[in-house]
Amino acid sequence: MATTVDRPRPAAGGEEGRRGATGWFDPRGRRMGGLAFILNRLTGIGLVLYLYLHLVILSMLARGPEAWDQFVDIALSPPFLALDVLLLTGLLIHGLNGIRVGLVGLGFVASRQRAMFIALMVVAALVAIAGALRIFSGE
Amino acid sequence: MTAPASEGHRTARFRVLRRKAGDAAPHFDDFDVAVGPDSTVLEALVAIRRDQDPSLTLRHSCFHASCGTCGMRVDGQEGLACVTKVGDASEVTVEPLANLPVVSDLVVAMDPFYDGLEPLGRPLVRSSENIPGALPDGVEAYTRYEDCIECGICLSACPIAGSDPLYVGPAAIAAAWRVVEEPRGREPGPVMRLMDDDQAAWRCHVAWECSEACPSGVDPARAIMQVRRKAAGARARRLFGMGGRS
Numbered sequence: 001m002a003t004t005v006d007r008p009r010p011a012a013g014g015e016e017g018r019r020g021a022t023g024w025f026d027p028r029g030r031r032m033g034g035l036a037f038i039l040n041r042l043t044g045i046g047l048v049l050y051l052y053l054h055l056v057i058l059s060m061l062a063r064g065p066e067a068w069d070q071f072v073d074i075a076l077s078p079p080f081l082a083l084d085v086l087l088l089t090g091l092l093i094h095g096l097n098g099i100r101v102g103l104v105g106l107g108f109v110a111s112r113q114r115a116m117f118i119a120l121m122v123v124a125a126l127v128a129i130a131g132a133l134r135i136f137s138g139e
Numbered sequence: 001m002t003a004p005a006s007e008g009h010r011t012a013r014f015r016v017l018r019r020k021a022g023d024a025a026p027h028f029d030d031f032d033v034a035v036g037p038d039s040t041v042l043e044a045l046v047a048i049r050r051d052q053d054p055s056l057t058l059r060h061s062c063f064h065a066s067c068g069t070c071g072m073r074v075d076g077q078e079g080l081a082c083v084t085k086v087g088d089a090s091e092v093t094v095e096p097l098a099n100l101p102v103v104s105d106l107v108v109a110m111d112p113f114y115d116g117l118e119p120l121g122r123p124l125v126r127s128s129e130n131i132p133g134a135l136p137d138g139v140e141a142y143t144r145y146e147d148c149i150e151c152g153i154c155l156s157a158c159p160i161a162g163s164d165p166l167y168v169g170p171a172a173i174a175a176a177w178r179v180v181e182e183p184r185g186r187e188p189g190p191v192m193r194l195m196d197d198d199q200a201a202w203r204c205h206v207a208w209e210c211s212e213a214c215p216s217g218v219d220p221a222r223a224i225m226q227v228r229r230k231a232a233g234a235r236a237r238r239l240f241g242m243g244g245r246s
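Chains as they are written, first to last, in our numbering: chain A, 1 to 139; chain B, 1 to 246.
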């Protein structure tokens, strides 16, 4: 029996012909798993951008109560509330799909990965709709 | 460039990505081809080469999805051109496989792909499974080969192989899992240890494109997840002092 195995060389070879990281976002010809992959990256980037935006907004607290009250007025305007709905939707998609990726990525329910994605995205849509109704109703 | 459509045929436009050695950048050439209801993309490409442009480079052999040589992207999706029908499309875009160096037009260099498989010493005959049913006269036994036809389609479809030049790719990991499942004289431990690596099984981001695109039912994504599960189990056992490697 052989006891050693050489490390396989990288399959994609050199730079030539490779799609590159921009290929992550190319939806042409992608199936459901590929679209889930794109969606997870887009929402992930969105959430990272939101994190920095959140820190910028929090820094307004240092400018005193007037500046903060001014911001709260803007935050309650419909366009800003729409951004809240977008944030909630991104969080739901990324978080729920992350559960699927974690489970499938460790070999659990791998054969059900497609059904799981559909089910989790239905949950995400329902919660996002419920959240949007609550956000815009001002409760 | 146009070829006349005969009775029962219509004309479809093929946009073929061209690149020859020395070209600074690839470009599309358009060809109008007569196609019938059952025409395949490969038949159309062969007709283009025969009737319109003999310099069009493509690779094919069996015409029935066994040899794996005619893998390419048709309208952005990987497939074997020999079994990809033109259907009712009026325009078809044909490009070489991605993530492998282009040799000429639709032909890519497969060396990097084979280099990934070679060290695994994968046996090609699947001895654990027999094909059911009575044998025809004169046939002593069927030989059940492994499913992978080494077309490179999984590598082209994989978004991670497109951005990480160190990733060994879906086919190599699927082949490794076959060695683990059915060693046939190989020792699976070293193979598992190679795959339990951040440039092997753990580099996959679960896009599942490799399995969706595979024309031969190999299901590399499932194999990658099996490798991960086994590797994670072995790591957990080591962590809790229960011994055992992969």
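Hints may be right or wrong, so weigh each one.
[As the list claims (entries may be wrong)] In silico SDA-like cross-links for lysine to any residue, where the CA-CA straight-line distance does not exceed 20 angstroms:
1. B:Lys-85 / A:Arg-31
2. B:Lys-85 / B:Leu-135
3. B:Lys-230 / A:Val-101
In short, the hints are calculated from the structure, not lab data. The model shown is predicted, which means the values in this text are computed figures rather than measured ones.
Return the numbers of the hints above that this structure violates; sort them in rising order. Checked against the structure, the only hint that fails is number 2, while the rest are satisfied.
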